[in-house]
Amino acid sequence: MEIIMSVLAGILFMTGVYNLLQKQLLRIVIGTALVSHGAHLTILTMGRLKDGAPPILTEGVENYTDPLPQALILTSIVISFGVTSLLLVLAYRAAQINHTDNMEQLRGNDYE
Amino acid sequence: MLLAVLLPFIIAIFIPFLSKWKEKFHTGIVATIVPLLIFIYFGSFLGRGFEPVMRTYNWIPSLDMNMVFHLDGLSLLFVLLISGIGTLVALYSVYYLHTTEKLGHFYVYFLIFMGSMLGVVLSDNIYVLYSFWEFTSLSSFLLIGYWNHKHASRYGALKSMLITVFGGLSLLGSLVFMHMITGTSSIQQMISDKEAILNNEFFPLILALLLLGAFTKSAQFPFHIWLPDAMEAPTPVSAYLHSATMVKAGLFLVARFSPMMSASEWYFIIVSSFGIITLCWGSYMAVRQTDLKGILAFSTISQLGMIMAMLGFGTKIAIFAAMFHILNHATFKGSLFMVAGIVDHETGTRDIRKLGGLMNYLPMTATLAMIGIFSMAGFPLPFLNGFYSKEMFFKATLDLSAQEGIAAFLTNAIPYLAVFGSIFTFVYSMYFFFGTFRGKSNIDELPKKPHEAPVGMLISPAVLILLVVIIGLFPSLINETFIEHAASAVYGGDAAKEIYFWHGFNLPLIMSLTVIAFGTILALTISRWRTVYNFVPGILSMNKVYDFTVDKSVVYSSKVTKGYMNGSLALYMKLILVAIVGVSFTFFFLTGGFALDLSQLATVTTIELIVAVTMTVAAFGTIFTHNRITAILILGVVGYGLSMLFIIYRAPDLALTQLIVETVTVALFLLVFYHLPDLGKRGEARSTKIMNWIISAGFGLLITTVAISAHSSKWFDVISSYFVDNSYKLGGGDNIVNVILVDMRGLDTLFEIAVLGLAAMAIYSLIKIKNKKEE
Chain A
1 MEIIMSVLAG
11 ILFMTGVYNL
21 LQKQLLRIVI
31 GTALVSHGAH
41 LTILTMGRLK
51 DGAPPILTEG
61 VENYTDPLPQ
71 ALILTSIVIS
81 FGVTSLLLVL
91 AYRAAQINHT
101 DNMEQLRGND
111 YE
Chain B
1 MLLAVLLPFI
11 IAIFIPFLSK
21 WKEKFHTGIV
31 ATIVPLLIFI
41 YFGSFLGRGF
51 EPVMRTYNWI
61 PSLDMNMVFH
71 LDGLSLLFVL
81 LISGIGTLVA
91 LYSVYYLHTT
101 EKLGHFYVYF
111 LIFMGSMLGV
121 VLSDNIYVLY
131 SFWEFTSLSS
141 FLLIGYWNHK
151 HASRYGALKS
161 MLITVFGGLS
171 LLGSLVFMHM
181 ITGTSSIQQM
191 ISDKEAILNN
201 EFFPLILALL
211 LLGAFTKSAQ
221 FPFHIWLPDA
231 MEAPTPVSAY
241 LHSATMVKAG
251 LFLVARFSPM
261 MSASEWYFII
271 VSSFGIITLC
281 WGSYMAVRQT
291 DLKGILAFST
301 ISQLGMIMAM
311 LGFGTKIAIF
321 AAMFHILNHA
331 TFKGSLFMVA
341 GIVDHETGTR
351 DIRKLGGLMN
361 YLPMTATLAM
371 IGIFSMAGFP
381 LPFLNGFYSK
391 EMFFKATLDL
401 SAQEGIAAFL
411 TNAIPYLAVF
421 GSIFTFVYSM
431 YFFFGTFRGK
441 SNIDELPKKP
451 HEAPVGMLIS
461 PAVLILLVVI
471 IGLFPSLINE
481 TFIEHAASAV
491 YGGDAAKEIY
501 FWHGFNLPLI
511 MSLTVIAFGT
521 ILALTISRWR
531 TVYNFVPGIL
541 SMNKVYDFTV
551 DKSVVYSSKV
561 TKGYMNGSLA
571 LYMKLILVAI
581 VGVSFTFFFL
591 TGGFALDLSQ
601 LATVTTIELI
611 VAVTMTVAAF
621 GTIFTHNRIT
631 AILILGVVGY
641 GLSMLFIIYR
651 APDLALTQLI
661 VETVTVALFL
671 LVFYHLPDLG
681 KRGEARSTKI
691 MNWIISAGFG
701 LLITTVAISA
711 HSSKWFDVIS
721 SYFVDNSYKL
731 GGGDNIVNVI
741 LVDMRGLDTL
751 FEIAVLGLAA
761 MAIYSLIKIK
771 NKKEE
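Chain order of the listed sequences is A and B. Take the UniProt record's numbering: the final residue in the first sequence is number 112, and no numbers are missing along the way. Take the UniProt record's numbering: the final residue in the second sequence is number 775, and no numbers are missing along the way.
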């Protein structure tokens, strides 16, 4: 199963990166969301899958799934939520002010 | 001793504050007192019974980098030169630089240079030496570019920087090599372990890199080209850095390492041939200069070549003469630079074609110049120190013992080349003096009406000229107190020499007389030879090579940079991704990092497969749809799919969080999308599309490979058992993931909240902020 999940993570990254390389701001935000999904899945897969009970202490259970990747992913889910929301609002403001959401036209000023 | 080296740096910190009152109190006075104190301190070491002193101050002991100061004869000669000439130059600069100049900048650079130079000649630790060495290059750069409104200053500063720092880097390479071979960073210990270095297979490289550092610093042919351009610096700087001290750092380096290197035949061949060529080239080129400081610059190059050649000879008399000439050159050349500065200051020009007959207007200056010039030319008079060292140089060229091969050829050629170079030394010396102070005067055409310089400006050159005469009259005075010690430190044994004026009618004297005879003839008929002098160089000019290299590298690098920095973020992204994929796969391949372990896989169930397929289809769907709502909704499908996977993989907390976050995200997308233009057709070229697919597929493949390899190879024990065991004991909670988050890695979570708070504030202000155009 881990192999299939690794491939799925690869596919999420692939589609995410493809979206990142697009010109429209909305697609770029979607791309970031897909990449973070892929990253979460990768971290989970790197440990063992289905190797023991859910990590909640229960009488009589000795074997639990690795809780550490889960804690890391939990932090990451929340952070990527913050990133996605910020990017969305940024995209909204940028499109509103510049009247375009095309990245090729948003190139900063001439003084760079 | 540490204080003596650091004093200039410490005072330099206060200079900018002092320069606030520069109208009433010239900042240079402070800069005069500092070297004077240092001179007095080190002067107290002088004496017949001088013994080397070693002081250690810990700096970074774990890296074997300590402030180890080794004061032997060689260092003593240099520290006295640095502080002594430094005092005189600073005094001179008080009169030379007007208070309207940026005095604060000048004296900060000046003191930094002085401190670094002291550090270079005292350090026994190679890394400390190297750091100070680069500091001298840096301060020289700042001082040359002091009048930074002039293009020539900036050009000269950059040139000296590029060439000397290039040399500095190769020096570092050589030092690191020696450290690796001997395992010590102390120069003295390296010298005692010289066999290891001499017999190492990399010795030729070590020697070449070391000499490259020394030759660039000491302006040896063909790296001399930066020195004439460095004359754009204020004259006190030229007198101090580019004649008396910094350019001699290269000589110092060669002298410092010569006890180790001189056993090699290649050391003799390279150092003496470069030295002697520089001597000839510099003196020949000096004759065609029209700028007073230009003449002195090429003269400095040629004299440095002469000393370098003597260090290369490595014989007892040559080393002694080299040390003696380092001192002599500093005295007469320092004073001549100051004279050139006075002439410039009083007449407003340094162009020798416009000058002439100034003896009547600047009698004192002319007298000083005359003694300095004749000392430099090596005129046989018993009160000119330049004659003694020139005579010793001739003797040293004749003393070389013939070996086989190139060395034998060199030993035969060197005396002739020495005479050749000295003839032109004589010619340009005479040209400098007679062209400026004698001959027809055309006062009316000068920018300023000349009159004698203020007394303050004359003090410093006068002191130096007095030294010329004192050394000339009583050579043994200076000899026994420290030239002897310096020569012994370099020669590695007793190198005492008696200095006499009259050696009898021998070959060196005949060489001197030949020089004077030919020199006089050529100097008298100098105008007839002009075409010859101006003809030869130009084709051979290293300047053209330098300019070509610098210009082209600027043009090409800006072309390359503009090629990929075109403002398209997508392109930057692509470059970064390609680099990541390329580098990672290369390392995978090189280190054999790929691993596949099928033994411990979890079972495959239908439901997981269905979820995975759905997610794949949805992920591709985001790319192919042209409708905003569709794209957002199928992104939601991926997110919910992921939370289902979390449930299957026994991560209930993740599933809960993912569900909530996904719902809020989709809602947010739906709120915002209305304000964004529709996705529509992309209108990209087919090739761009294919390229994008290749890059993203490559990146996806990389992630899959990493994930599988990471799963298949277990390098470390799992640390999670700690959390399982201690969750209840330490955290008091049954839910291990929760305990980790709020307790064991609580600070992490705190910062996570802070990040969210920041994002929330940013979002709020982005929405609320008013566009200026809207108002």
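If you're looking for bench data, these hints aren't it; they were derived computationally from the structure. A portion of the hints provided could be inaccurate.
To be verified - Below, computed lysine-lysine pairings styled on BS3-like, alpha-carbon distance capped at 30 angstroms:
id, chain 1, residue 1, chain 2, residue 2
1, B, Lys354, B, Lys448
2, B, Lys150, B, Lys22
3, B, Lys448, B, Lys22
4, A, Lys23, B, Lys574
5, B, Lys544, B, Lys574
6, B, Lys22, B, Lys102
7, A, Lys23, B, Lys449
8, B, Lys440, B, Lys574
9, B, Lys24, A, Lys23
10, B, Lys440, B, Lys316
11, B, Lys150, B, Lys562
12, B, Lys448, B, Lys102
13, B, Lys24, B, Lys449
14, B, Lys574, B, Lys562
15, A, Lys23, B, Lys768
16, B, Lys150, B, Lys714
17, B, Lys562, B, Lys552
18, A, Lys50, B, Lys150
19, B, Lys448, B, Lys150
20, B, Lys714, A, Lys50
21, A, Lys23, B, Lys689
Stated by the list, open to error - Over the 10 angstroms line for every Cβ pair with chain A, so calculated as not near, a few chain B residues:
id, residue
22, Phe9
23, Thr184
24, Leu212
25, Ile270
26, Phe409
27, Lys574
28, Phe594
29, Gln600
30, Thr603
31, Leu609
32, Leu654
33, Phe673
34, Arg745
For every residue, glycine included, the Cβ atom is placed at its ideal position computed from N, Cα and C.
Against the structure, the hints:
Straight-line distance between C-alpha atoms of lysine 354 of chain B and lysine 448 of chain B comes to about 12 angstroms, which keeps the hinted pair within the 30 angstroms bound. Distance check on the hinted pair: lysine 150 of chain B and lysine 22 of chain B sit about 24 angstroms apart at the alpha-carbon level, within 30 angstroms; holds. Only pairs whose Cα atoms come within 30 angstroms are accepted, and lysine 448 of chain B paired with lysine 22 of chain B is accepted, the gap being roughly 26 angstroms. Restraint check for lysine 23 of chain A and lysine 574 of chain B: the C-alpha separation of about 13 angstroms stays at or below 30 angstroms, so the hint holds.
Restraint check for lysine 544 of chain B and lysine 574 of chain B: the C-alpha separation of about 40 angstroms exceeds 30 angstroms, so the hint is violated. Of the supplied pair hints, the one linking lysine 22 of chain B and lysine 102 of chain B holds, its CA atoms being roughly 9 angstroms apart against a limit of 30 angstroms. Among the hinted pairs, lysine 23 of chain A with lysine 449 of chain B is inconsistent with the structure: their alpha-carbon atoms are about 71 angstroms apart, more than 30 angstroms. For the hint linking lysine 440 of chain B to lysine 574 of chain B, the alpha-carbon distance of about 73 angstroms lies beyond 30 angstroms, and the restraint is violated.
Only pairs whose Cα atoms come within 30 angstroms are accepted, and lysine 24 of chain B paired with lysine 23 of chain A is rejected, the gap being roughly 64 angstroms. Between the alpha carbons of lysine 440 of chain B and lysine 316 of chain B the distance comes to roughly 47 angstroms, so the proposed pair goes past 30 angstroms and is violated. Restraint check: the Cα-Cα separation between lysine 150 of chain B and lysine 562 of chain B comes to about 29 angstroms, which is no more than 30 angstroms; the hinted pair holds. This hinted pair checks out: lysine 448 of chain B and lysine 102 of chain B have alpha carbons roughly 24 angstroms apart, not beyond 30 angstroms.
Of the pairs offered as hints, the one joining lysine 24 of chain B and lysine 449 of chain B holds, with about 28 angstroms between alpha carbons and a cut-off of 30 angstroms not exceeded. At roughly 16 angstroms between alpha-carbon atoms, lysine 574 of chain B and lysine 562 of chain B fall within 30 angstroms of each other, so this suggested pair holds. This hinted pair checks out: lysine 23 of chain A and lysine 768 of chain B have alpha carbons roughly 26 angstroms apart, not beyond 30 angstroms. With a C-alpha separation of about 65 angstroms, the suggested pairing of lysine 150 of chain B with lysine 714 of chain B is violated against the 30 angstroms cut-off.
The straight-line distance between the Cα atoms of lysine 562 of chain B and lysine 552 of chain B is roughly 15 angstroms, inside the 30 angstroms bound, and the hint therefore holds. Distance check on the hinted pair: lysine 50 of chain A and lysine 150 of chain B sit about 74 angstroms apart at the alpha-carbon level, beyond 30 angstroms; violated. Restraint check for lysine 448 of chain B and lysine 150 of chain B: the C-alpha separation of about 21 angstroms stays at or below 30 angstroms, so the hint holds. For the hint linking lysine 714 of chain B to lysine 50 of chain A, the alpha-carbon distance of about 17 angstroms falls within 30 angstroms, and the restraint holds.
Restraint check for lysine 23 of chain A and lysine 689 of chain B: the C-alpha separation of about 12 angstroms stays at or below 30 angstroms, so the hint holds. The non-interface label for phenylalanine 9 of chain B is consistent with chain A: the shortest C-beta to C-beta separation is roughly 38 angstroms, beyond 10 angstroms. Every beta carbon of chain A lies more than 10 angstroms from that of threonine 184 of chain B, the smallest distance being close to 46 angstroms; the non-interface claim holds. Non-interface call for leucine 212 of chain B relative to chain A: holds, since the shortest CB-CB distance, roughly 38 angstroms, exceeds 10 angstroms.
Residue placement check: isoleucine 270 of chain B keeps its beta carbon more than 10 angstroms from all beta carbons of chain A (closest about 48 angstroms). Listed as outside the interface, phenylalanine 409 of chain B is consistent with that label: its C-beta sits roughly 59 angstroms from the nearest C-beta of chain A, beyond the 10 angstroms cut-off. Distance check for lysine 574 of chain B against chain A: the nearest CB is about 6 angstroms away, which does not clear 10 angstroms, and the non-interface claim fails. For phenylalanine 594 of chain B, the shortest C-beta to C-beta distance to chain A comes to about 12 angstroms, beyond the 10 angstroms cut-off, and the non-interface label holds.
Once the 10 angstroms rule is applied to beta carbons, glutamine 600 of chain B is inconsistent with being away from chain A; the minimum gap is 7 angstroms. The claim that threonine 603 of chain B lies off the interface is violated: its Cβ sits roughly 7 angstroms from the closest Cβ of chain A, which falls inside the 10 angstroms cut-off. Its closest Cβ contact with chain A, about 7 angstroms, brings leucine 609 of chain B to no more than 10 angstroms, contrary to its assignment away from the interface. Distance check for leucine 654 of chain B against chain A: the nearest CB is about 6 angstroms away, which does not clear 10 angstroms, and the non-interface claim fails.
At the 10 angstroms boundary, the C-beta of phenylalanine 673 of chain B falls inside the reach of chain A, the nearest C-beta of that chain being 6 angstroms off. At roughly 7 angstroms, the least C-beta separation between arginine 745 of chain B and chain A is not larger than 10 angstroms, which violates its mark as non-interface.
Checked against the numbered hints given earlier, this structure breaks hints 5, 7, 8, 9, 10, 16, 18, 27, 29, 30, 31, 32, 33, 34; the rest are met.
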